[in-house]
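**Q** For reference, the chains in residue letters:
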Amino acid sequence: MKLGSYIVKRSLLMLLVMFGVLAIVFAIVHVIPADPVGALLGGNAPPAVVDRIKTQLGLNKPLFDQFVDYLWGVVHGNLGTSLQSGRAVAQDIMEYFPVTLQLSVMAILISIFLGIFLGVFSAVYRNKWIDHFSRIFSILGVSMPVFWTGLILLLVFYYILGWLPGTGQLSLFVIPPDRITGMILFDSLITGNWAALWDGLRHIILPATVLGYSATASIARITRASMLDVLTQDYIRTAKAKGLSKSIVIYRHALKNALIPVVTVIGLTFGGLLEGAVLTETVFGLPGLGRYIVNALLVLDYPAIMGGTLFIALIYSLVNLGVDLIYATLDPRMRT
Amino acid sequence: MRKLLFLMLAFSFTIVGISASIPKDTVVIGMNTGIFISFDPAVCYEVEPSVMVMNIYSDLFKLQDVNGTIQAVPELAENYDISPDGKTWTFHIRKGVTFANGDPLNADAVVYSIKRVLQLKKSPVWLFESLGLNSDNMNDTVKKIDDYTVQVITDKSYAPNIVMSIFAESWGGIVDPKVAQSHDVSGDMGSAYLADHSAGAGPYILKSWQRNSMIVLVANEKYWRGSPKIKTIIIRDMPESTDQQLSLKKGDIDIAWNLTPEQVNSLKSNSDFNIVSVPAQSNEYLAMNAGWGPFKDVRVRQAVKYAIDYDSIIKNIAGGYAIKVQGFIPYGYLGYISDTPFSQDIARAKQLLAEAGYSNGFEVELVTNTTDRRRNEAIAIQADLAQIGIKANITIMQASQMYTKMREQGIQMIVAGWGIDFPDPDALAKPFADYRVKQLAWRMMWYDDHAADLAEAAGFELDQSKRVQMYADLTNYWFANGPFAILYQPLNYWGTRSELKGFDQTVKGYSLAFDLTKIYK
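Each protein sequence line maps, in turn, to chains G and V.
Each residue of the first sequence is one higher than the one before, starting from 37 at the first, in the numbering used here.
Each residue of the second sequence is one higher than the one before, starting from 20 at the first, in the numbering used here.
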């Protein structure tokens, strides 16, 4: 199959996935025996008021009509209006997503660094104590709740040692950069606001480490397996026989080839990070998309829940598509 | 190379951040701002944003703690007249007051602001509608008489405190019509703009709101009572109470808003901090569905009330941050009764059950929502009821789901709370005793006409002392017959740094009254 038709096929498949996500999320949020008006008005409002607000919000229409209305809107690029904030959901997403994106990118950088580092060491020192240590260390990352790790790191590095700042994106009296992308680090960099860049970096170290650490294990494991595979290949033996130094053999010859399967894992991990960001954003008080969706869930803000979920599904699919395309370019056997 | 990298890393870690301490004219608050939706007075209805709105906008009246009770006192309405039939209110607006941008505040602005709430029909509108004002009749009921006189006509003669209280809350904030109308988007009367901007005459101006991140209020230098001492108030979003605790101890915030009882108690022995607490404007209650099975019998309902260990709940679950109140009228209110007729008496409860024919007990579903405190209360009550043979099965729900089920009269037994809409006993007597208003009594199917008549009549009584007596009669009848057990009245509490002064005055009457001009450093 040509690369072009492969892309078309994959994109169509992605549309189908998006429709599935939409239908399932719509069904789930409407099956819950509660209504958002109850959440909006709290416990006090009398029934007549509840009914009127329902009518205002179009919630008394038949479910199927509501679904068709929503679908029609989505096809036309309209994700609806948040019941809670009264703003366009797309506008809300554009405000919150850059924070999550920046956090996830920093986290994935940390987990790639940690994961590959640990994976290579494990493979090179297979079954030695370094191997055991790095495996336990990476497994701990998956096992410890992000919530707990986050609070412990805050306690140690912010409260006890005072090396790093507490929650939020910037210190209180640091002038934030002008909003261009919404990602504070990136915006500070392009506007040359060095104080904000430095402060923003110090703020993101803990949340990115917590989130990145949680995703390290899978990358480390695949790197280890892949490295072990590569290290037994003939050309490595040849390289060693040539008398090349150990580090050149490992990093120049082996690692390069071992990294191909790691690319897939990184793609999948990135999607997973978007989910993990929910808790990290809560612990570290970051105004990201994860918190937005959680707040929406608590008050059953249908349009916000659906828009947010759809958007994350889209990002997830796009990342996977990207990974597959990189793969397909690297290895034509994949295009079948 | 490696050494250099290591050194750089070590260096970057050891540079302690420029820990700028908070300036004297600035106050920083750590708070979970997840529920903030809008700062528009016609839209805002949630507790925390409402108290901020009350400091950004000025109202005709203002709620204040007067000798221990919360009362509405004249604010922008310098004085007022009530017609002999009690329905026509004439407000005389204070002259010379301007909005923060210098626009004059006059009768036009007052009429516009009231009509705006009625027309936008958002969450708080029902409080104005409960006085008989609505978008259909507003041109007849809300009128400008001259530049500084406004007339409002209610459908019935309500007790004056009810009317004044309703005009004293966040939805009664007077909005600058020029600003609102110049930002009108497809007929929203500037609502989208006012969600994160302000156009009021209160002591503070909303300078910015980055959602889920930070809210900045700055002093209104044109405030008619004089500009407040604290020039900047920053509210940092901190959803985690542990973060608030750490930041308060570190000196990065002055006020921690959402601490747990354990966290706030940990500040007690340290002179760097103060704990400020005031009675909350709410009740924590257990309710039984009087239309369901065994609870149809008043003796069973009384048995339940005698089975509960109220003191233990207050001490162990509320961490002492609660007042033992058993009537529906809370401490600090007109008509408050300090009687606490119920305390745990297992023998008496068992006897009542036996008289009703349930000596072997029965099974019941006990519903509550997801907060830790509610869950613990439900568990404590479950254990208390087990002692008299009632097996309560606990179901935990999201609040939205719980209230939906309750509105459908589908709940057998519930632990929940009632936040007070305006500081008048009417805001409690009606929900708890008058099924005709379709609030709590109706939801728990307590169709008692005697209680409903008493509650209604007391709402119209203009003679204060007669009114107090009517509420006393109603409360005693309700003790003997009602399907509710008030568990306690919560205390609101905050942890503050000791350099912050006057916060105890700021929160007097919270959340109905909240005055940021009282704080200083």
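Treat the hints as calculated values from the structure; they're not laboratory data.
Glycine is no exception: its CB is placed at the ideal position from the N, C-alpha and C atoms.
Be aware that a few hints might be false.
As the list claims (entries may be wrong) - Computed list of chain G residues with no C-beta within reach of chain V, every gap over 10 Å: (1) Met50; (2) Leu76; (3) Ile89; (4) Gln102; (5) Arg123; (6) Gly202; (7) Gly204; (8) Ile216; (9) Lys276; (10) Gly321; (11) Phe347.
What the hints assert, rightly or not - In silico DSSO-like links for lysine-lysine, alpha-carbon gap of 30 Å or less: (12) V:Lys269 x V:Lys250; (13) V:Lys457 x G:Lys97; (14) V:Lys114 x V:Lys134; (15) G:Lys90 x V:Lys175; (16) V:Lys197 x G:Lys97; (17) V:Lys268 x V:Lys248; (18) V:Lys527 x V:Lys43; (19) G:Lys90 x V:Lys268; (20) V:Lys527 x G:Lys90; (21) V:Lys457 x G:Lys90.
**Q** Evaluate each hint against the coordinates.
**A** To see whether the hints hold, each was checked on the structure:
no.: 1; hint: Met50; verdict: holds (30 Å)
no.: 2; hint: Leu76; verdict: violated (6 Å)
no.: 3; hint: Ile89; verdict: violated (8 Å)
no.: 4; hint: Gln102; verdict: holds (17 Å)
no.: 5; hint: Arg123; verdict: violated (7 Å)
no.: 6; hint: Gly202; verdict: violated (5 Å)
no.: 7; hint: Gly204; verdict: violated (6 Å)
no.: 8; hint: Ile216; verdict: holds (15 Å)
no.: 9; hint: Lys276; verdict: holds (24 Å)
no.: 10; hint: Gly321; verdict: violated (5 Å)
no.: 11; hint: Phe347; verdict: holds (17 Å)
no.: 12; hint: V:Lys269 x V:Lys250; verdict: holds (22 Å)
no.: 13; hint: V:Lys457 x G:Lys97; verdict: holds (24 Å)
no.: 14; hint: V:Lys114 x V:Lys134; verdict: holds (21 Å)
no.: 15; hint: G:Lys90 x V:Lys175; verdict: holds (28 Å)
no.: 16; hint: V:Lys197 x G:Lys97; verdict: violated (37 Å)
no.: 17; hint: V:Lys268 x V:Lys248; verdict: holds (24 Å)
no.: 18; hint: V:Lys527 x V:Lys43; verdict: holds (23 Å)
no.: 19; hint: G:Lys90 x V:Lys268; verdict: violated (45 Å)
no.: 20; hint: V:Lys527 x G:Lys90; verdict: violated (36 Å)
no.: 21; hint: V:Lys457 x G:Lys90; verdict: holds (17 Å)
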